[in-house]
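Take a look at the letters that make up each chain.
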Amino acid sequence: MKFQLKRLITQISIFFSANLGAIGFKTGFCYPFFYCNACPAATSACPLRAIEKSVYDHSFTWKLFIYPFLILGFFGVTTGRAICGWACPIGLLQRATGIVPRRLNKYSIIQKVGQWKYEKYLRYIKYLNLIGLVIITPFIIKFTFTDICPVGILTGTFPILALNPGKFVPSSFFWVAMVIFILFIILIFVVERGWCRYFCPIGAILAPFNKISIVHMSVDKKNCTHCNVCSNVCPMGIDVADMDRDPECIICGKCVDICPKNAIKLEKK
Amino acid sequence: MKKMLVIQVSMLLLVSGALGGMLYFTDIYDDVQSTIVEILCLSCIKLQPKTSREFTFETANGKPHPDFVVNTLKTKGPILIQYGESGCPACDDMIDNVMIPFFNLEFREEEPKSFKTEVNVGNLSFFYIYIYIDDDNIPTERKESDEIYDKDHIGGFPMFTIITIEYDHGGDIKPYYTSLYGNNFEDSYKKMYETFIELLEFSNELYDRNIAGYK
Chain A
1 MKFQLKRLIT QISIFFSANL GAIGFKTGFC YPFFYCNACP AATSACPLRA
51 IEKSVYDHSF TWKLFIYPFL ILGFFGVTTG RAICGWACPI GLLQRATGIV
101 PRRLNKYSII QKVGQWKYEK YLRYIKYLNL IGLVIITPFI IKFTFTDICP
151 VGILTGTFPI LALNPGKFVP SSFFWVAMVI FILFIILIFV VERGWCRYFC
201 PIGAILAPFN KISIVHMSVD KKNCTHCNVC SNVCPMGIDV ADMDRDPECI
251 ICGKCVDICP KNAIKLEKK
Chain B
270 MKKMLVIQVS MLLLVSGALG GMLYFTDIYD DVQSTIVEIL CLSCIKLQPK
320 TSREFTFETA NGKPHPDFVV NTLKTKGPIL IQYGESGCPA CDDMIDNVMI
370 PFFNLEFREE EPKSFKTEVN VGNLSFFYIY IYIDDDNIPT ERKESDEIYD
420 KDHIGGFPMF TIITIEYDHG GDIKPYYTSL YGNNFEDSYK KMYETFIELL
470 EFSNELYDRN IAGYK
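Residue numbers (our numbering), protein chains in the order written: chain A, 1 to 269; chain B, 270 to 484.
So that you can see chain B by itself, here it is in the shape it has in the complex:
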């Protein structure tokens, strides 16, 4: 009986000590909250969101566009943001079959996986930002930007967001964006690439038309 008590007390101290230590000394609580609980897992629901390609001025949660987006729009051009996470087969599918073969992007195997780069495809140029939400040291502004661009209020991150600028008919030139969810918004990877090109060409056109008046 005493032996069992010793085992029980030791195990309890070990487990609760380790758990308490993890919660106190690491960011595991915030990680789990922001990357699992607050983001809709498409693998878990075995569904893909339908995508509308309409551009809009309205951010999904009413918050303003983050500084990294505003600054990039002022200096670089239209932006394509891609969100990714660990354990997301749809994210891997798009990286392996669209982003690498068609856009010649290079993705890192090791963390930090997030990166940004200018991309030129034919006459088209845009600024690409990959936000891997499981990266440890990713700025909060970037990590939480998916909520701003969850255009169709899915509750998960939009896998792709294309942002440009447009005149809002109220006298201002503002960021103007659309989001694409999941990996089945077209029948084939080639068509998905063509959709990207179409949306990015439209974005470039708006950008060139409006950049002079964008402050």
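Isolated chain A (complex conformation):
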């Protein structure tokens, strides 16, 4: 439990740090996680926005393109997707909503969806989002991921509307984005960490780093009895007992806490 408490404290601390713009602290860094620079309290830029701006309308600004990848790369090499599990405010939100899908798991229809054999392919959507909507469509047709981003609605649109009543009217993408936001809310209440699993473009950037990250999870195969308790608690739906630096692992440590044989460890090398 100590592990999870530490994680919760870290998540809450980082959430407040990400919102120090409320007291005027605005930096020139990109967040290494998913958070919108349009949030009135934002301290940094959304890495996706920086990438989109760098390639917008047949342009290519190399500095702006590489910068967010380097920031994410630094955290990726050191901690892999621990950023998703320990730092991302949207991860914190999904940690809270994750209670609901866990309860829903007792229904057979939900179990069938979870065991759907093509489920693993849905996880590639996040890579398509990254390449398609963050790089290609802004470059070719000026359509950006941020035009329809549900996180932008949650952390940008709603606070701005609340703080500036009557000052804004919906733009052309507003209602499309609202529909996507509603689907996002349904998703995170039905599938635990559904956004991280299937759609998050920043998760797509960080995921490959799990293969080489200094911090990672390791399973002692000799001690493991394949009881699958770890897989049952895994919020990312990973087959933990057989995993080896899985790109989906967010290093939340739930498997470490639950393993009756202490066969799963957080490695730092």
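FYI, nobody ran anything at the bench for these hints, they're computed from the structure. Glycine included, C-beta positions come from ideal geometry on N, C-alpha and C. Treat the hints with care, since some could be wrong.
Derived DEER-like restraints, expressed as beta-carbon distance ranges [claimed, not checked]: (1) A:A96 to B:K385: 49 to 55 Å; (2) A:V100 to B:P381: 50 to 56 Å; (3) B:H422 to A:L128: 36 to 42 Å; (4) B:K385 to A:D57: 21 to 27 Å.
Guided by the hints, dock chain B onto chain A, whose structure is given.
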């Protein structure tokens, strides 16, 4: 194990070296801060600011009007400033559908995209300044002028600012401006153009009336 360690150390050195180098040798930090973090992104919030067309003497952040505005007012006439940035569909919409077809302005594809020119439309003349905030070598005074003209305190740049001069009833003739935000302050592009003309005619009238006493 050793192979992995070599990969990890190499990647860490490569990434942190490149990141440190970028931060030290380029202006990327300031760029991101001034063009993404400190400016409200309308695409991100999927909203458009409502526009009031009232002219005012009060600058949005209390700072004086920048020198390039004051000097232009002294020598050229009323000014229309347009702010633009990369990744701004509303900016492109206004350029493609109002500024090019109605005002015959020519915009550059390559940086520096910022430019200034005198514009004559019928009997109306004004000085047009396009400030593309993503341009590398744009003077800071211009780049940061959007904060002065954020009349409705939106937190983003006003897409258009029209500046003229007017008697302030305190004994001085001062710059007098209004700002228009976004690309939907009228129902059609034609109406937007008519709004510009109306505001610019008003600006010209004030300018002609007050220029003799403007120092």
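Status of the hints after comparison with the structure:
no.: 1; hint: A:A96 to B:K385: 49 to 55 Å; verdict: holds, 52 Å
no.: 2; hint: A:V100 to B:P381: 50 to 56 Å; verdict: holds, 52 Å
no.: 3; hint: B:H422 to A:L128: 36 to 42 Å; verdict: holds, 39 Å
no.: 4; hint: B:K385 to A:D57: 21 to 27 Å; verdict: holds, 22 Å
Hint check: no violations occur; every hint is consistent with the structure.
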